[in-house]
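Going down the list, the sequences are from chains S and G. Position one of the first sequence corresponds to residue 1 (this note's numbering), numbered consecutively onward. Position one of the second sequence corresponds to residue 1 (this note's numbering), numbered consecutively onward.
Don't take every hint at face value.
Below, computed lysine-lysine pairings styled on DSBU-like, alpha-carbon distance capped at 35 Å [said to hold, decoys possible]:
#1 G:Lys169 to G:Lys28
#2 S:Lys183 to G:Lys99
#3 G:Lys192 to G:Lys99
#4 G:Lys28 to S:Lys301
#5 G:Lys246 to G:Lys169
#6 G:Lys192 to G:Lys149
#7 G:Lys44 to G:Lys246
#8 G:Lys28 to S:Lys183
#9 G:Lys28 to G:Lys44
Here are a few chain G residues that face chain S, going by a calculated C-beta distance under 8 Å [to be verified]:
#10 Lys99
#11 Glu122
#12 Arg126
#13 Thr188
These aren't lab readings, by the way, just hints derived from the structure by calculation. Beta carbons: idealized from backbone N, C-alpha and C, even for Gly.
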Amino acid sequence: MKVLIPGISGLLARKVAVRLLAIGHEVIGIDPRGWPGVPEGIELHSLDIRKRAAEDVFRRRRPEAVIHMATISALMAGAEERYRINLGGTRAVFEHCASHGVRQVIFVGRHTYYGAGPDAPLYHSESEPPQELGSYPELADLVAADLYAANALWRLPELETAVLRVCYTLGPSGHGTLAGFLKGRFVPMVLGFDPLFQFIHEDDAARAIVTALSAGLRGIYNVAGPQPLPLSVIAEEAGRRALPLPEALLAMLVGRAGLPRLSRGALAHIKYPIVVDAGLFRRDTGFGHRYDELTTVHTYKDAFPLTGRTSPVPMPG
Amino acid sequence: MPDEISARVDRLELPFDARGVDDYGVSKWHLAMTFRASAFLYRKYFQVKCTGIEHIPPRGRAMLVGNHSGGVALDAAMVIASCFFEMEPPRLAQGMAEKFINRIPFASTWASRCGHLTGLPEHAQRLLEADRLLMVFPEGARGTAKLWKERNTLVDFGTGFLRLALRTKTPIIPFAFLGGSDAIPTVTNLYKIGRLLGVPYLPVTPWLLPLPRPAALSVHYGEPLRFEGTGSEDDDTIARQVEEVKGRIAALMEGGRQ
């Protein structure tokens, strides 16, 4: 199958691309960040998905499937840029898919869609609406992109659309929100709170996305791996030290004194859990994780021991 | 060397991982710490009398449904202790925590690590579908707010528990808890001050603070009740079934007092 991946330069997207190539798919990537040392066989276009030249790739190459991975999280850009990339980019992808004969599209979203709060259920099902956007407005563009992608299910019925809400990824690449949060010696926590964190090994996450493509999924699916763990346990297993601080003090210190950067709204995400029920995805695809929760953390710890390099390799996205 | 409490925690039939945490965040370490404290209260301080424990199935989904006996949630703690200390193998009764608890530092963590998730219908249904033992007090916070003079009464029951039992085909094990108001005799509740402190109310005892005295407590379990239905029956049908449960609990309370 000819598969186009907007956002191919992100680390998870690269893993997806390599897997697709290995099982015989033709892979085309669009990403303005480029990919130094891109594997032979992957056709890379260093373009912004919202520019006219990107549409020309759709027009000329006629991909059969698209895996949209060109979204960014709250810490990577300001609000205006995030809206342009997350919502504007998603809109462009679906418009190009509709105009140029794409049959299948997978939107790779995030489980943070559901939000974190004291009254939220522990295991979110796909039918639940996003919550707590008021306290974490930095998530609004990702939520909007997710909802825009989901409405293709009825707006573009001829397009097989799957929206994946993938939990945090973790692994030896050090890529992703959770990996960044764990990078320092101290893992900040809100005093008196120790939420469950749900994560999946990055190789399992890439395999799940490829599985979704192979299964021809249509619908909205949570994607998760092994059981969640309390943040304090993750910190300990990663060889870090949990640093519980009063919430007001923590709000002042994040991003300083060696603590990871966090937007103010994200403090709720280290007070309350975001855990999803991924049973539907497992049932419809037969997917099962290969790395359990402790092995996943240990692969990160082994790649980033505190005695050696303490910061994950900076990734463009 | 493992002590008795740790050994009983090890025998809980829950899917703990290598770190002793299950998929709801229930932690063996937190359970052992909590049951060490409740062992003293259950066995020594209150010398809780327990009857009918054989009515609770050793495994599989079940719903413990009983009365609040006033004061703070001493009744819940002792019911949980009875399932842990009296059953073979021990079982973990999981309560539905009042929503305010999840907003309070430390209380939030300890409640969830001990299996008492926020009182949401989604949580109750999920726990039952996972064949857990759920503990429900249909009187809700109005039940814990009972004054000493109201200790042997039952206030209105909610109906959600019965619809859930029907939907999940769960047996209801009624129970009566007696003596809570003798341990913490509430003479009045301070609602405004409680709200300022982030709790629904603050109970006031003759010695002001809601500290329990060593009163005789007892918990009496009755035979399981099984209702037929889908959970989507009309309110009148459900109300009749709720009244049947309430009647069984009232009878257990009466029997326990004699």
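So, going through the hints one by one against the coordinates:
no.	hint	result
1	G:Lys169 to G:Lys28	29 Å, holds
2	S:Lys183 to G:Lys99	33 Å, holds
3	G:Lys192 to G:Lys99	18 Å, holds
4	G:Lys28 to S:Lys301	24 Å, holds
5	G:Lys246 to G:Lys169	19 Å, holds
6	G:Lys192 to G:Lys149	22 Å, holds
7	G:Lys44 to G:Lys246	31 Å, holds
8	G:Lys28 to S:Lys183	28 Å, holds
9	G:Lys28 to G:Lys44	23 Å, holds
10	Lys99	6 Å, holds
11	Glu122	4 Å, holds
12	Arg126	6 Å, holds
13	Thr188	28 Å, violated
Hint compliance for this structure: hint 13 alone is broken.
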